[in-house]
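Enquirer: Could you slot chain B with the ligands onto chain A? The hints should help.
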Amino acid sequence: MNAADLQLFYHPKDRLRMTVGEDRSYPTVKPVWAAPLSHPEKYLSLLDGKGDEITTIPDPASLPAASKVAVDAELYRRYLTADIAQVIHAKTEFGATYWTVDTNRGRRDFVTQNLQENAQWLSPVHIMLIDVDGNRFEITDKTALDTKSQEFIAAIL
Amino acid sequence: MPDAPVVRAESGLIPDDTKFDIRLESDFGDDGQFALRHLEIANGTVRVTEANGATSFTIPIAEIKSARNEPLVGGGRLEITTTGGEVLPIISYSQTVAAKFSEAARGIEQLAKGQPLEINIKDEKVRCPKCDRLLPEKDGICPACVNRGKTMLRIGSFVQPYRWQMAALATLSLVTTVLNLLPPYIQGQLIDKVLKQGKDFNQLYMLMAGWLAILAINSVLQVVNGRTIAFLAGRIAADLRSAVYRAIEFLQLQFFDKKQVGAIASRVTSDTDRVWGFLVDGVPYLLLNGLTLVGIIGFLFYTNAFLAACILAPVPIILGIGAFFWKPMSQMFHRVGQKWARFHTQLNESLMGIRVVKVFANEDKEYAKFQDRNHELRDAGVSADTRWYTIFGAMSFFTSLGGLICWTVGGTMVMHGQLSLGEFWRVTAYLGLVYGPLQWFSQVNQWFSRAMAGAERIFEVIDTDKENYRPEGIKHEIKGEVTFSDVRFGYDKSNPVLKNITFTAKPGEMIGLVGKSGAGKSTTINLICRFYEPDAGTILIDGIDYRDIALQDMRRQVGVVLQEPFLFNGTIAENIAYGNPEATLDKVIEAAKAANAHNFILSKPDGYDTMVGERGGKMSGGERQRISIARAILHDPKVLILDEATSSVDVETEKQIQEAIQRLIKGRTTFAIAHRLSTLRNASRLVVLEKGEIAEIGTHAELMEKQGKFYDLVQTQSAVQEIIGIGS
Ligand SMILES: Nc1ncnc2c1ncn2[C@@H]1O[C@H](COP(=O)(O)OP(=O)(O)O)[C@@H](O)[C@H]1O
Ligand SMILES: [Mg+2]
Chain A
893 MNAADLQLFY
903 HPKDRLRMTV
913 GEDRSYPTVK
923 PVWAAPLSHP
933 EKYLSLLDGK
943 GDEITTIPDP
953 ASLPAASKVA
963 VDAELYRRYL
973 TADIAQVIHA
983 KTEFGATYWT
993 VDTNRGRRDF
1003 VTQNLQENAQ
1013 WLSPVHIMLI
1023 DVDGNRFEIT
1033 DKTALDTKSQ
1043 EFIAAIL
Chain B
2 MPDAPVVRAE
12 SGLIPDDTKF
22 DIRLESDFGD
32 DGQFALRHLE
42 IANGTVRVTE
52 ANGATSFTIP
62 IAEIKSARNE
72 PLVGGGRLEI
82 TTTGGEVLPI
92 ISYSQTVAAK
102 FSEAARGIEQ
112 LAKGQPLEIN
122 IKDEKVRCPK
132 CDRLLPEKDG
142 ICPACVNRGK
152 TMLRIGSFVQ
162 PYRWQMAALA
172 TLSLVTTVLN
182 LLPPYIQGQL
192 IDKVLKQGKD
202 FNQLYMLMAG
212 WLAILAINSV
222 LQVVNGRTIA
232 FLAGRIAADL
242 RSAVYRAIEF
252 LQLQFFDKKQ
262 VGAIASRVTS
272 DTDRVWGFLV
282 DGVPYLLLNG
292 LTLVGIIGFL
302 FYTNAFLAAC
312 ILAPVPIILG
322 IGAFFWKPMS
332 QMFHRVGQKW
342 ARFHTQLNES
352 LMGIRVVKVF
362 ANEDKEYAKF
372 QDRNHELRDA
382 GVSADTRWYT
392 IFGAMSFFTS
402 LGGLICWTVG
412 GTMVMHGQLS
422 LGEFWRVTAY
432 LGLVYGPLQW
442 FSQVNQWFSR
452 AMAGAERIFE
462 VIDTDKENYR
472 PEGIKHEIKG
482 EVTFSDVRFG
492 YDKSNPVLKN
502 ITFTAKPGEM
512 IGLVGKSGAG
522 KSTTINLICR
532 FYEPDAGTIL
542 IDGIDYRDIA
552 LQDMRRQVGV
562 VLQEPFLFNG
572 TIAENIAYGN
582 PEATLDKVIE
592 AAKAANAHNF
602 ILSKPDGYDT
612 MVGERGGKMS
622 GGERQRISIA
632 RAILHDPKVL
642 ILDEATSSVD
652 VETEKQIQEA
662 IQRLIKGRTT
672 FAIAHRLSTL
682 RNASRLVVLE
692 KGEIAEIGTH
702 AELMEKQGKF
712 YDLVQTQSAV
722 QEIIGIGS
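So the protein sequences, as listed, match chains A and B.
According to this note's numbering, the residues represented by the first sequence are 893 to 1049, in order.
According to this note's numbering, the residues represented by the second sequence are 2 to 729, in order.
No lab work stands behind these hints: they were computed from the structure.
Heads up, a few of these hints could be off.
[Claimed, not checked] Restricting the straight-line Cα-Cα distance to at most 16 Å, the calculated cross-link-like pairs of lysine to aspartate or glutamate (EDC-like) are: (1) B/Lys328 with A/Glu985; (2) B/Lys340 with B/Asp365; (3) B/Lys123 with B/Asp133; (4) A/Lys942 with B/Glu694; (5) A/Lys905 with B/Glu80; (6) B/Lys667 with B/Asp373; (7) B/Lys340 with A/Glu1009; (8) B/Lys480 with B/Asp373; (9) A/Lys983 with B/Asp32; (10) A/Lys922 with B/Glu71; (11) A/Lys942 with B/Glu71; (12) A/Lys905 with B/Asp32; (13) B/Lys500 with B/Glu694; (14) B/Lys692 with A/Glu985; (15) A/Lys942 with B/Glu691; (16) A/Lys1034 with A/Asp994; (17) A/Lys922 with B/Glu510.
[Said to hold, decoys possible] The calculated label-pair distances, taken between Cβ atoms and stated as ranges, are: (18) B/Asp373 with A/Asn1006: 19 to 25 Å; (19) A/Val961 with B/Glu125: 48 to 54 Å; (20) B/Glu615 with A/His931: 36 to 42 Å; (21) A/Tyr902 with B/Val357: 44 to 50 Å; (22) B/Tyr712 with A/Thr911: 18 to 24 Å; (23) A/Val961 with B/Glu615: 54 to 60 Å; (24) A/Pro950 with B/Tyr712: 36 to 42 Å; (25) A/Ser1015 with B/Glu703: 54 to 60 Å; (26) B/Asp549 with A/Asn1006: 44 to 50 Å; (27) B/Gln253 with A/Ala958: 36 to 42 Å.
As the structure is a computational prediction, the values presented were derived from the model and not from experiment.
A virtual CB, placed ideally from N, CA and C, is assigned to each residue, including glycine.
Only chain A is shown next, with the shape it has when bound in the complex (with noise of 0.2 Å):
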């Protein structure tokens, strides 16, 4: 399948249908990141109603751009894994450490416990946060972060 040839658009309000060229239609498509840490923005899996893949679309970017935007927004909502834009708190306190950040879906403050396996550093730069419940929290690049937050960073992991 050509990814310049698949019509991503929301019908009706709440679902993501697909059609591809003139003959092929699906209903409910889910779009979910074949290697989300590894290859961050590439490799996007389009799944049926059952959970069966359709294709795999090695370079979203070459999406037409209408299906790009209603794919990203159905992503957004897939994804609840939540970017940290600054670090307000941290504090580890008897085995837990509790966090107050800003991210791109708001102020959040979580716990996480024992880091060793739920802070992931996905490149030396690149932190993925799982805090108990199981709810994610990831950094980008925290050299991109102000010096407080890299401060808080640093002093915890």
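Expert: Positioned in the frame of chain A, the structure of chain B with the ligands alone reads:
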């Protein structure tokens, strides 16, 4: 954004004017931002209200056909299917509240079907009511607010049986302290009273005799002290380990799903170490050094207040350095510890996989990985040690400064005649006793905290929910009827793995469980073993809800043969008799014969006394399997479970195992999962699972005839086997 309210995911107060069937707080707004929203179900409608109270979505329950939870990454979404067949996503939520929304979906379905609302939404505490910190575990302990005093008392309860020895230890410490202070005093007397005046040899010998006596007593005390500590350390450590292990044994399997074996084991080893180390080494050490310090400082001031004040002037600096650098230092050492752990993992892995490494000719790549870890470790170690020695250097400068001040000020005072030589000698001698323990005192708080953290982790295990053993439950002689009645279960409550499971296995029947990988076959079996209990619905054994039966009594009548049988390090005979240790060798041999294991066992040099190795590592897969079948035969269960018991062996061995299994299943209710579907041909009935639900039930012949799901599975499998056949 900085002023945005902090979103909290705990459930809010329910206003008392409306009677809600369900009211839940979610933490994501419609736009994907963290925000407070509510799902409300009342008066026959489902509604979503926004933080400002406005209603953003409503639907009458009469228009709802079903409700489900769509799992998302880091949370989920409640979706409703209308009677018109339209799917409406109505509210998203984070993982924090996912379990509640899963119950809500069930509740909506029940209401939609006109059934009474039967759900279980726990109003769990998310924040500590005392300090408002988030709780690491909902409804759990707040690590910041756990009552230290209470924890101390609980630790104390481990000392309780040895209270006399502890009291003796404390007394010994006290006496030793005093005795330690005496020799410098005697030396002072010696200088001032004896040496100065010249000729009184008698007094000299008296004093020396006194000194000798003190040395002798001190040595005896030290021996007694050491022996008491050894006695206490051994016993308290063993008691702690037993208590933790015993608690872990009875925990629910959920606990083991969530935590790695290594992490659990460390609670038995390192956490208990921290606690007893503190109790047995730390407390007396603290006591001894604390008393010595107080004693000496008192003595110094008593001897000469001015000199004492001068000598002790650097003390605050030393304490300051200690307090300031301790934290970063301990973090650095902690990091070295972590690097060691990573290094070990890497080393273990590459050595255990050495065959794979060689076959792929990846020696260089593994070496590069090893080097990475090795250098990480080196760098962390070097930087920690560099820093440590720098700080240590600074500390020792200030420590030695004490001596310098002592000689400068003291020397001047002696020359001015304000201080006798004997007094000066005494002060110098005590000085050494002050500065030693001081460097160490700044770390006491950390030591204490670590011990407390260890204690809390231990008590957390001890306090975690135990399996529902119900020793007071019914003792029931199982006949073998097993009924699933509308069973629902999920490892993660928000994501059911089994739904609407209803079927009955009659006594003596063999039920084959069939389905694709991940369909829920092993989960069904876990429920039968009562490793987990259903979230909803019931499992009945001979018509009794199995939760009413005493757990161990029930499990004694259930036997399992797994795909990867686990043998304990011991002899073959011991492993076969694992469930019945009192079984005679005759019985063991009988079972081994029935399991087609007798012949291969006899061919081993030590026969039934052959050691199987760690985890049975010295046996082949087929041998392990037959030993585990013999174990099950000897155990003589009423309900038997075979989970892919023949998957990992060659065809010839499989034939032998099949034969053994045929003997084993006679007269027992059997649940079998088999990879090769043809092996289930003689099952009484097959239950075909698909995505956690029953797709079909029937005999092999019926299902083949019906040409449904099972037929498809068989077709796929024979097609695959043909392909493999051509390939080989
Ligand atoms: N201990 C567990 N914790 C969480 N999920 C599990 C666990 N065991 C199995 N699962 C999940 O439950 C589903 C059913 O698994 P299982 O019953 O083992 O399937 P089968 O035996 O039919 O292959 C799978 O999606 C699997 O990932
Ligand atoms: Mg399985």
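Enquirer: Could you tell me which of the numbered hints above are not met by this structure, giving the numbers in increasing order?
Expert: As far as the earlier hints go, 2, 3, 6, 8, 9, 14, 17, 19, 22, 26 and 27 are violated by this structure, in ascending order.
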